[in-house]
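Could you build all of it, start to finish, from the sequences and the hints given here?
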Amino acid sequence: MSKMYYRELYCGTPVRYWMGLALLVAFIAIGLASALYMEHEGHWVTGMSNQVVWGLPHVFAIFLIVAASGALNVASIGSVFGGPLYKPMGRYSSLLALGLLAGGLSVLVLDLGRPDRLIVAMTNYNFKSIFAWNVILYSGFFAIVGVYLWTMMDRSVKKLYRPVGFFAFFWRIALTTGTGSIFGFIVAREAYDAAVMAPMFVIMSFSFGLAFFIITLIAAYLWSDRHIGDLRLAKLKNLLGVFVGAVLYFTLVYNLTNLYATQHHGIERFILLDGGVYTQMFWIGQILIGSVIPLFLIYSPAFDKSRWAIVAASALVLVGGFFQIYVIVIGGQAYPMSLFPGKEVLESGFFDGVIATYVPSFYEAALGVGGVALALALVAIGSRMFKVFPETLEDPEEA
Amino acid sequence: MSNKSDQRSMDRRHFIGGTVAAAGAITIAPGVILHAVAAIKEEPSAGASSKHRWGMVVDANKCAEGCSACVEACDKEHNIRGHDRPRTDAKWIRTVKLKDNQTGRINRLVMMCQHCEFPPCVDVCPTNASFRRVDGIVLVDRHRCIGCRYCMMACPYKARSFIHEALHDQAVSAPRGKGCVESCTLCVHRLDYGNMKTACQEACEKEGHAAILFGDLNDPQSEISQVLLKNNSTQIRADLELNTGVRYLNL
Amino acid sequence: MRSSFFRRKCITGLLAGIALAVPALQAEAESSLVTKGSEAASLDTCVAPTQEIRRYHMEFLKHDRDEVVIDGDRRVKYSLAACVNCHSGKDDSGSYLPVNAEEQFCETCHDRLAVSLDCFQCHRTTPDPTIKKFSSSALNRLHDRSIGATAHVDSTESSGLFANEPAGIQRD
Chain L
-4 MSKMYYRELY CGTPVRYWMG LALLVAFIAI GLASALYMEH EGHWVTGMSN QVVWGLPHVF
56 AIFLIVAASG ALNVASIGSV FGGPLYKPMG RYSSLLALGL LAGGLSVLVL DLGRPDRLIV
116 AMTNYNFKSI FAWNVILYSG FFAIVGVYLW TMMDRSVKKL YRPVGFFAFF WRIALTTGTG
176 SIFGFIVARE AYDAAVMAPM FVIMSFSFGL AFFIITLIAA YLWSDRHIGD LRLAKLKNLL
236 GVFVGAVLYF TLVYNLTNLY ATQHHGIERF ILLDGGVYTQ MFWIGQILIG SVIPLFLIYS
296 PAFDKSRWAI VAASALVLVG GFFQIYVIVI GGQAYPMSLF PGKEVLESGF FDGVIATYVP
356 SFYEAALGVG GVALALALVA IGSRMFKVFP ETLEDPEEA
Chain W
803 MSNKSDQRSM DRRHFIGGTV AAAGAITIAP GVILHAVAAI KEEPSAGASS KHRWGMVVDA
863 NKCAEGCSAC VEACDKEHNI RGHDRPRTDA KWIRTVKLKD NQTGRINRLV MMCQHCEFPP
923 CVDVCPTNAS FRRVDGIVLV DRHRCIGCRY CMMACPYKAR SFIHEALHDQ AVSAPRGKGC
983 VESCTLCVHR LDYGNMKTAC QEACEKEGHA AILFGDLNDP QSEISQVLLK NNSTQIRADL
1043 ELNTGVRYLN L
Chain B
148 MRSSFFRRKC ITGLLAGIAL AVPALQAEAE SSLVTKGSEA ASLDTCVAPT QEIRRYHMEF
208 LKHDRDEVVI DGDRRVKYSL AACVNCHSGK DDSGSYLPVN AEEQFCETCH DRLAVSLDCF
268 QCHRTTPDPT IKKFSSSALN RLHDRSIGAT AHVDSTESSG LFANEPAGIQ RD
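Protein chains in written order, with my numbering: chain L, -4 to 394; chain W, 803 to 1053; chain B, 148 to 319.
Note that these hints are calculated values from the structure, not bench results.
Heads up, some of the hints might be wrong.
Unchecked claim - Computed list of lysine-lysine pairs in DSBU-like fashion (alpha-carbon distance at most 35 angstroms, straight line):
(1) 123(L) with 999(W)
(2) 224(B) with 999(W)
(3) 123(L) with 209(B)
(4) 224(B) with 853(W)
(5) 123(L) with 853(W)
(6) 224(B) with 878(W)
(7) 853(W) with 209(B)
(8) -2(L) with 123(L)
(9) 901(W) with 1032(W)
(10) 209(B) with 999(W)
Listed below in C-alpha cells is the structure:
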C-alpha cells in the first residue's frame, strides 16, 4: 500500500472557498440575530406554544446531532471494523462529526428559554434524566473525537489509535441511544414511549451521517480538483443503501407494533392517514423521497457508474431524514395526549383533545439553518487548517 | 534528542498544554454539584415535612357548567395575566368538559398539576429544577430552570406552562419569569404560612359549588381523607401508576 | 531574548493594572448608593453592616432561596422582597420605580461592576402594596425598633458575622 499523503483543502480558485465561507458566515449571523431576538422577546414570537413545545430548532438540532454521531462511522469502520478502504477517510469523518455536533448543539442551546443558564446545566445534574446524561455524552464526544483525530494525525500516539477508536465507537452509540431515549423514555405521549426509539435513532444516525459524509466529501474533492476512486465511492454508496434499508425496517416495525395495539390506533391514524401535513411528510417526505427513491438510485444498474446519482441519493436521504425527525418531534406533540380514553373533549381551557397547530416562524428556521451553516463552516475551516483530506482517494492498485 | 540530565525536558508547548489542562481541571472540578434526585430525599426540614402529603380532590359532579371561578382566582392569586395569545398564555388550572363516546354522559372537571408521587417531569429535568418537595408538592425551582421544556414534553397531564414573554408586576409570593416553566403549586405560599385553603378552593366555595377540596392525604382525620375513604375516586391516567395527589370523584 | 522581553512586558502590565485598580476599589468602599427617597434612606443601616451586605448579599440570598424553595423553610431572616420593599425609590408622582431600573438601587452598583442581575426576570421589582405580612422578620424589626445603631443585631441568631459591628453608612 503506497503512503497516504494528507493535505489542507485548497479549492481550485481561492474565491470559491472564501465566498463559500462568507456565505456560511452570513447564514450564521442571521441565525444568531434570530436567536437573540427570540431570547429577548420571548418565545411568543416563534410558532412554539404550550402545546408544541419543541419546534423547528429542535428538529434541526436533533437532525444535526444524530448525523454527527453517524458521520463518525466511516472512521469507526476504518479502525474498529478493519476496512482498509475507509481508513484514509477517518480524519475527515472525525472532523465532520465534530462540526455537525457543534452546529446541532448551538441550535439546541440557543433555543433554551434561559440560554444564559447553560453553566447551570453543566454543573447541576439529575442523573435520572437522560437529558443530563446527554449533556455529558455530547461534551465527552467532543473530547473523545478530538483525541481520536489526534491519534490519527500524530504519529507519536499512533498506538492509541485502535483503543481510542473502539472507545469512540461505543461512545457514539451511547450518544445516539441517549438521543433516541429522550423520546423513548416519555410515557406521556403515544408517539413516543417505545423502546425502539433508541435503536431507531442509532440506525438513523448511520444513514444521515453517511449521507452528509458522502455529499461533503464529493463536494470537497470536486472543488479542490482531487480524485476519488470509483470503488471507494461504490463501497460508500452500497453502505448507504444498507442503512437506508435499515431505517425503513425500523420504521416498519415501529408502525406495525403501534398498529397492533388498539390504544395506539389514534396516533397511527394521525401519522399514516389523516394528519394533514404530517401524513404528507411521512409518506412523501420520509418514505418516498427519503427511502424509496434513494434506494432506487443506489441499487439500480442504470445509475451504476453515475456519481450524480450518489450525490442525489445522499441529498434525498437527508431531506427525507429531516422530514422523518419533523414527524417524530412535532407530529408526536401535535397529536393530543389521551387523558380521558373513551371520552370526547367538548371544551377545554388549554387545548385538550385537539390536534395542536404549529407553524414554524422565520426566526426558528433561521436559527436552524444557522446551525447547519455553523457545522459546515467549522468543517470548512478545519479542513483548511488541518491535514484531513488525503491528497487522493484513488482506488489502490491491488483491488 | 536525548537529555542526559535528570531534569524533565519540557518545551513550551508541553508546558502551556499542561498548565491549561491543570487550570481546566481545577476550574471544573469544584463546579460539578451532584444533586440527588429530590423525590428520594427524605430529610426532615423545618419547613416541609414528609409527615404530610398534600393533595386535592375534585368532584366532577359539582363542577358547574360555564363556571371558571377557580381559573380566575388562580390567575389573580399569582398575577397570571393573559396576553390574548391563548396558545402561549400560561394556565395553571383549566376547565375540561367531556362526553362519553358510548354513553353520551357529560362530565365537567378542572385539571391542574396532579402532583404525582412519581412525577415524570421530575425524572426528566436535567438540572433538578423540577422537583418534588418532601410533602408531595411538585414545584419548579426557577433558579435552576434552563427552559428546555423537557418536563412539558414528559408531563402526562399537559399541566405545565412555559413563559413566552417578559413579565412585570409579578405577585410577591409567585415569582415567575420569561423562559422558565411553571405549574400549579397547590398554593404553597399560602400553605407554608398556615392558610390551608387554595385559591381555587376558596373561589369554588364562594361560588357555592365546593367542587375542590385541598388537604393532607396522610392525615386520616383530615376532611379530604374522609371524603376519599367514603367515596369512589379515580386518578386520571391511573394506568401510568404515578400515584397522583389529585383525585377525582364521579368521573 | 524575545521571551524575556515578553515576560517583562507582562509583569509591567500586570503591576500597572493592579496599581490602577486599587484606588478604584478604594473609592467604591467610601460612597453610599442608597436610593434617595427610599425607605432605606431613612434608616441608619441595612440589615447587616454595609461592607458585609455588599460583599455577601448573594450568599445570603442563595442560602435563603434554597431553604425556602426546596425545603419549604420560610424562616428566612432577610428576603429579597424585603430588600425591594426597603430600597425601592419613588418617582416625582410618588409611585415606586423598579428597584433594578437605571440609577435605582441595584443598578448603581451592578452597572458599574458589570455584574448582570438575574433576579428580576422573575421577582417583583416594586413593593407590593397589598402585602400586609412580610416574610422578613428583619424588616419588621427595623420598623418596630427606635432608630439606633445596633438594633439590627439579633444576638440570638447571630452567626458571628454581625456581632460587634459598628453601624453606619457614610453619606456623601
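Hints, one by one, checked against the model:
no. : hint                : verdict
1   : 123(L) with 999(W)  : holds (34 angstroms)
2   : 224(B) with 999(W)  : holds (26 angstroms)
3   : 123(L) with 209(B)  : holds (25 angstroms)
4   : 224(B) with 853(W)  : holds (26 angstroms)
5   : 123(L) with 853(W)  : holds (25 angstroms)
6   : 224(B) with 878(W)  : holds (28 angstroms)
7   : 853(W) with 209(B)  : holds (27 angstroms)
8   : -2(L) with 123(L)   : violated (49 angstroms)
9   : 901(W) with 1032(W) : holds (26 angstroms)
10  : 209(B) with 999(W)  : holds (29 angstroms)
Hint check: a violation occurs at hint 8 only; the rest are consistent with the structure.
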